[in-house]
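In order, the protein sequences belong to chains X and Z.
Per the numbering used here, the first sequence runs over residues 16 to 792.
Per the numbering used here, the second sequence runs over residues 341 to 502.
Hints are computed from structural coordinates only; laboratory data are not their basis.
Just so it is clear, CB atoms sit at the ideal spot from N, CA and C, and this is done for glycine as well.
It is possible that part of the hints are untrue.
[Claimed, not checked] For each label pair, taking beta carbons as the anchor points, the in silico distance ranges come out as: (1) D461(Z) x D231(X): 31 to 39 Å; (2) S472(Z) x T144(X): 56 to 64 Å; (3) Q493(Z) x D491(X): 57 to 65 Å; (4) D231(X) x Q372(Z): 46 to 54 Å; (5) M59(X) x R362(Z): 22 to 30 Å; (6) D410(Z) x G457(X): 47 to 55 Å; (7) S615(X) x D461(Z): 26 to 34 Å; (8) D461(Z) x R777(X): 51 to 59 Å; (9) P37(X) x T349(Z): 55 to 63 Å; (10) S472(Z) x E631(X): 51 to 59 Å; (11) D102(X) x E413(Z): 55 to 63 Å; (12) K343(Z) x E655(X): 36 to 44 Å; (13) A447(X) x E413(Z): 47 to 55 Å; (14) S472(Z) x P630(X): 28 to 36 Å.
[To be verified] Heads up, simulated EDC-like pairs for lysine to aspartate or glutamate below, C-alpha to C-alpha not over 20 Å straight-line: (15) K343(Z) x D721(X); (16) K663(X) x E360(Z); (17) K190(X) x D629(X); (18) K486(Z) x E573(X); (19) K596(X) x E580(X); (20) K663(X) x D464(Z); (21) K36(X) x D436(Z); (22) K601(X) x D629(X); (23) K190(X) x D532(X); (24) K190(X) x D370(X).
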Amino acid sequence: MTGAPQDWTRAPNVNLRQVGKPLVRTDVPGKAQGRTRFAGDHVMPNMLHAKVLRAPKASARLTRLDAAKARALEGVVCVLTAADLADRRAATDIPGQTGRKRLATDQQILVRERVRYHGEPLALIAAETLALAERAADLIEYDLEPLPGVFDPVEALKPGAPIVQGTDNVVATYKVRKGDLEAGFAEAERVVENTFRTQFVEHAFLEPEVGLAWVDENEVINIRVSTQVIEHFRAIADALGVAHNQVRILGSMVGGGFGGKEDVTVEIYLALLAQATGRPVRLAYTREDSFFGHGKRHPFVITHRTGVTQDGRITAVQITMTADAGAYVFLSPYVLLYAVVAGPGPYRIDNVHIDARAVATNNMYTSAFRGFGAAQACVAHEQQMDEIAKELGLDRLELRRRNFLRTGDEIATGYAIESAVWSDDCMTKAWAALGERAPEDGPVKIGRGVATYQQSYGRITWLHDTSEAWVGVEIDATVVVRSGVTDIGAGQVSALAQIAAELLGVSLGEVTVYNSDSATTPLAGTTTATRALYMTGNAVHLAAEALRGRLIGRAAEEFGVAPSEVDLAESRAFVIDAPDKSMALKDLVGICASEGIHRSELAMFRAPFTGEIDPETGQGRVHPDYAFGAHAVEVAVDTETGEVTVLKSVGAHDVGQAINPAAVAGQIEGGAAQGQGYALSEAMIYRDGELMTPSFSEYLIPTAMDMPRVQSIILESRSGLGPFGAKGIGEPALTPVAPAIANAVADAIGRRVFELPITPERIVMALREAEPRKGPR
Amino acid sequence: MAKTDIKLTVNGQEAAGSVEPRTLLIHFLREQLGLTGSHIGCETSHCGACTVDLNGKSVKSCTVFAVQADGGEVLTVEGLAQGGELHPLQAAFAEDHGLQCGFCTPGMLVRAHRLLQENPDPSDAEVRVGISGNLCRCTGYQNIVKAIRNAAQAMREKEAAQ
Ligand code: FES
Ligand code: FES
């Protein structure tokens, strides 16, 4: 089965009827009427309301925790503290379905003794009303004895630094040793070295984490929750000490995820409280809870030392990366690995040396966020490219062109790319789309920037990722798809419907998708890692193709022709060259049903499986494949105030095959906004580990007034591993945006701000530093 | 806590309830009336997911007490469609892909509805200013702006035809 998809993904897509059209997504009408039920819209009779009490310090010892007063409050049904949880622990790594071994990262669910980050949960409360639960939280008494903490990953590595994790605070390390670094530098005519810094970033999905749990008549703990990963049911069951088949997770349409709903959030608390009380429990995070309640984007410090020839050929690159993992491991090792794989960018460099580490601190823990390490890597490699071009006096695009990877070239980790690499095409088109340059006006300077990237889609190949889907056709010829995949707003479900509609010859409206239920839909894995369309789209394709084969086979018999001569479209089966020989799909399905021909198919799609990379050299296969593209922007910078206005923003991406171009453009536009916030305004600020930005008045995401009109350019190489040759767009849409903006600002003011976000203060400071060179004022 | 009886018109229908003085309008709508279309994204007046129309003005219903709406007229996303037909704004949001996760959408639609009452022919810039109190994390606002302008045009044409 594993070989099968390759055959059709390489076939030219002719006569697509549903796929590739900008159809109105199946989920859209319900959402436009406010009829879609999100996880927070569900209530049950006899339901309790929950609250999480959080530690107000980043590093402390819990010396006393007394919930007696809270428990005594009338209407308070349950208070759980670490003392009530025996030695239960929660898993934090590799969410999802993989059977591969996990890292040893299990952690306390509630603080037992040591508080490691600001906001770590101390107690859970369930009460008859939310107001009572909140009152009870105030009545819990505790003493926290401050402990020395460490809040900077470099400090955390120094001898004598307070230990947050393990014996030395090192959460993960990776290295790449490819080619001969010394020889590469010997060949170089210039060496350019720079250090780039990024910040903690919050996902800020509009729907805070929320869920409802209840224990049913079979003692199964049901949890309806806003999540990207229903397959956390196993981790929840393990933490609760019950069998895996005694926990069920049901998703809903998710009000945004971006990686922030990839780890376990409220479901573990809901499960514990439902188990303890036997009653339905609802837990809805406030925005502040949400800011405290899930991991952030890793801040990175990345240094590039690059050797180049005078004509712009990169001969060697040495990269060091330090990521702040915060207080717990979560997905830090994987984020770090993705950063390493993407480290040098989409360039062919024969001599590469990377040393990367993720380090524990008493800051908020960090984990998945759209771009997953590759975004931070891109911030560094794309600014470095501009700095090299400046050093050489070479056009920035030309420098990139001279170094772009091509199909067949090896990336840093030694894997040779098999799919199309259309970086140049994307970059050229994005740049051209900027059109005429805006005029400068007094202190307002105009600048342009571009960034390209190499972003994986699909999970790490040694996790042996799989996805299942079931496709069936009803006796009235309507189609049903069942798949565990979660829909986090990008149209994941609608894309599956579109694929099934294409292959079974019906319209989109005739397909119903049931998804996101760990008990009743085939397990499809996570909606993360730009994998949902690739993996589950392929699973639906496999299932629908098998079903199509059976239907066509039976129709061919009826028509007295070979199966290859029959097609399905518009709810009919017909002979391709003699369309008058045709029958309604309904009649064909009726025949199949009466003859006991199977009208459904359960299929599993398997990604490429490999072993792990070589730990000494970092060489081996890490991902199924990579996507390539570019983002270009034009900005205006007011050199007096430091204010940046993004005037034009263009994303050009080879998505392989757009299943729904409207949805693809939507991803590009949304990525442009999220990337713009990353570049210019967003920062979760922790002072000595304490969060200084706990609301949307301090944490500033772009509004409609901040955003320019975004132009999306969709290229289709049809060379990807997804259905119909698709690659992916979820993460790529964001990855190049921030460095493109950073490059544009540098272009405008002639100075670079080496740290994100590029705030007005930092711009003004960079200009002041530059002043002496301009002579006296 | 002492409760107050309130009576108001919601989406053209009489609604009544008994609320605590501190009950927020958003909670009254969602929990007592079962109108879950309006969402809660922050409860601190920043995100706009809870936007409804109160007495002809856009309000963030997380910052209005239910008692303040007593005797008033409220419009939520559930009241936009008329006679089984989508409101032109809803049709445009669907047609123009003006939403992704859809969590901001109800607030966005109700805000846009008021905006078009105030200005039936807004420019791009005017739409952007008009919805700047409503955050969206998915769309980059692009198709929201497009949908609102297309809906405005459809509404003007409909008006002219009548
Ligand atoms: S919930 Fe009211 S503004 Fe955010
Ligand atoms: S569509 Fe998701 S927040 Fe607007």
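Evaluation of the provided hints:
Here the CB-CB span from D461(Z) to D231(X) is close to 55 Å, at odds with the stated 31 to 39 Å. Separated by about 35 Å at the C-beta atoms, S472(Z) and T144(X) break the suggested range of 56 to 64 Å. A hinted range of 57 to 65 Å for the beta carbons of Q493(Z) and D491(X) is inconsistent with their spacing of about 39 Å. Checking the proposed 46 to 54 Å range against D231(X) and Q372(Z) shows it is violated: the Cβ atoms sit about 27 Å from each other.
The hinted range of 22 to 30 Å is satisfied by M59(X) and R362(Z), whose Cβ atoms lie roughly 25 Å apart. Between D410(Z) and G457(X), the C-beta spacing of about 54 Å keeps the proposed range 47 to 55 Å intact. Separation of S615(X) from D461(Z) is about 52 Å and departs from the stated range, judged on CB atoms against 26 to 34 Å. Remark: the range hint 51 to 59 Å for D461(Z) to R777(X) is contradicted by a beta-carbon distance near 40 Å.
Judged by the Cβ atoms, the range 55 to 63 Å given for P37(X) and T349(Z) is violated: they are separated by roughly 39 Å. A beta carbon spacing of about 53 Å between S472(Z) and E631(X) agrees with the range 51 to 59 Å that was offered as a hint. Evaluation of the 55 to 63 Å hint for D102(X) and E413(Z) yields a pass: the beta carbon distance comes to about 57 Å. A hinted range of 36 to 44 Å for the beta carbons of K343(Z) and E655(X) is inconsistent with their spacing of about 56 Å.
Range check, A447(X) to E413(Z): Cβ separation about 52 Å, and the 47 to 55 Å hint holds. A hinted range of 28 to 36 Å for the beta carbons of S472(Z) and P630(X) is inconsistent with their spacing of about 50 Å. With a C-alpha separation of about 43 Å, the suggested pair K343(Z) and D721(X) falls outside the 20 Å cut-off, and the hint is violated. Between K663(X) and E360(Z), the direct Cα distance comes to roughly 49 Å. Violation of the 20 Å bound is thereby established for this hinted pair.
The suggested pairing of K190(X) with D629(X) holds, with an alpha-carbon distance near 9 Å, which does not exceed 20 Å. For the suggested pair K486(Z) and E573(X), the alpha carbons sit about 50 Å apart, so the restraint of at most 20 Å is broken. The straight-line distance between the Cα atoms of K596(X) and E580(X) is roughly 11 Å, inside the 20 Å bound, and the hint therefore holds. A threshold of 20 Å between alpha carbons decides the hint, and for K663(X) with D464(Z) the separation of about 15 Å falls inside it, so the pair holds.
Using a Cα cut-off of 20 Å, the hinted pair K36(X) and D436(Z) holds, with the two alpha carbons roughly 13 Å apart. Restraint check for K601(X) and D629(X): not satisfied, since their Cα atoms lie roughly 55 Å apart, outside the 20 Å limit. This hinted pair does not check out: K190(X) and D532(X) have alpha carbons roughly 39 Å apart, beyond 20 Å. Distance restraint check for K190(X) and D370(X): the Cα-Cα separation of roughly 5 Å lies within the 20 Å cut-off, and the hinted pair is therefore satisfied.
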